[in-house]
Amino acid sequence: SAVISQKPSRDICQRGTSLTIQCQVDSQVTMMFWYRQQPGQSLTLIATANQGSEATYESGFVIDKFPISRPNLTFSTLTVSNMSPEDSSIYLCSVEGGDLYEQYFGPGTRLTVT
Amino acid sequence: QKEVEQDPGPLSVPEGAIVSLNCTYSNSAFQYFMWYRQYSRKGPELLMYTYSSGNKEDGRFTAQVDKSSKYISLFIRDSQPSDSATYLCAPAQGGSEKLVFGKGTKLTVNP
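Protein sequences, first through last, are from chains A and B. Going by the numbering used here, the first residue of the first sequence is number 1, and it counts up by one from there. Going by the numbering used here, the first residue of the second sequence is number 115, and it counts up by one from there.
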């Protein structure tokens, strides 16, 4: 299985600012995923990031708000832009596992926007 | 109607109990049905999955899918305190890497 790390593990930010979350994998993977887990809500896919191509965003998520970079096969970043308190959430990255429907998740970044 | 509905609980049982966790879904195109387990302040990890209708057993865990009623179940036998976690069902369509997660059911197994 892949080992995934995320930075920062948590942060408290002021509204109107931006935060970039890093996701590092210990092996090369083609597909990486970014999720949001809001309190009391389902784990929701934000976008899928393949190396060498633009990220594919799910309905309700836009690139201007959540720009994603995927510079190589072991690293990705998600930026939460112009933050509001509604962006307070846990953000998780995941990568494809050995099986098509298996994903390995990072520990998450706990974001609080004040 | 949400694509996946899951009772968030919380569910509290004594050690050794049989636990039943359930989800319903609305999308008939779902063919693969995953159960993820998430410990506190950790990312989810895949517990097991089934394809189409039927049962699948893995140790103390049994996953069951009834496509006719769009009902997914996870049974835990002889539950242990280490099973205390949030369990998320996550169906997927064939040919798509996208998982649709339920809200998760928080389970506590008391020693």
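Think of the hints as simulated: they come from the structure by calculation, not from any bench. Here a beta-carbon is modelled for each residue, glycine too, at the ideal position from N, C-alpha and C. Don't take every hint at face value.
[Claimed, not checked] A few chain B residues facing chain A, derived, Cβ under 8 Å: (1) Asp121; (2) Val127; (3) Pro128; (4) Gly130; (5) Ile132; (6) Val133; (7) Glu159; (8) Tyr185; (9) Phe189; (10) Arg191; (11) Pro195; (12) Phe215; (13) Lys217; (14) Lys220.
[Stated by the list, open to error] Each computed DSSO-like pair below joins lysine-lysine, with the alpha-carbon atoms no more than 30 Å apart: (15) Lys184/B with Lys212/B; (16) Lys170/B with Lys181/B; (17) Lys170/B with Lys65/A; (18) Lys212/B with Lys181/B; (19) Lys7/A with Lys212/B; (20) Lys156/B with Lys212/B; (21) Lys116/B with Lys184/B; (22) Lys220/B with Lys156/B; (23) Lys181/B with Lys116/B; (24) Lys212/B with Lys65/A; (25) Lys184/B with Lys170/B; (26) Lys170/B with Lys7/A; (27) Lys65/A with Lys7/A; (28) Lys220/B with Lys170/B; (29) Lys220/B with Lys116/B; (30) Lys65/A with Lys184/B; (31) Lys220/B with Lys184/B; (32) Lys220/B with Lys7/A.
> Which of the stated hints cannot be reconciled with the structure, identified by number in ascending sequence?
Replying inline: 1, 2, 3, 4, 5, 6, 8, 9, 10, 11, 14, 17, 26 and 30
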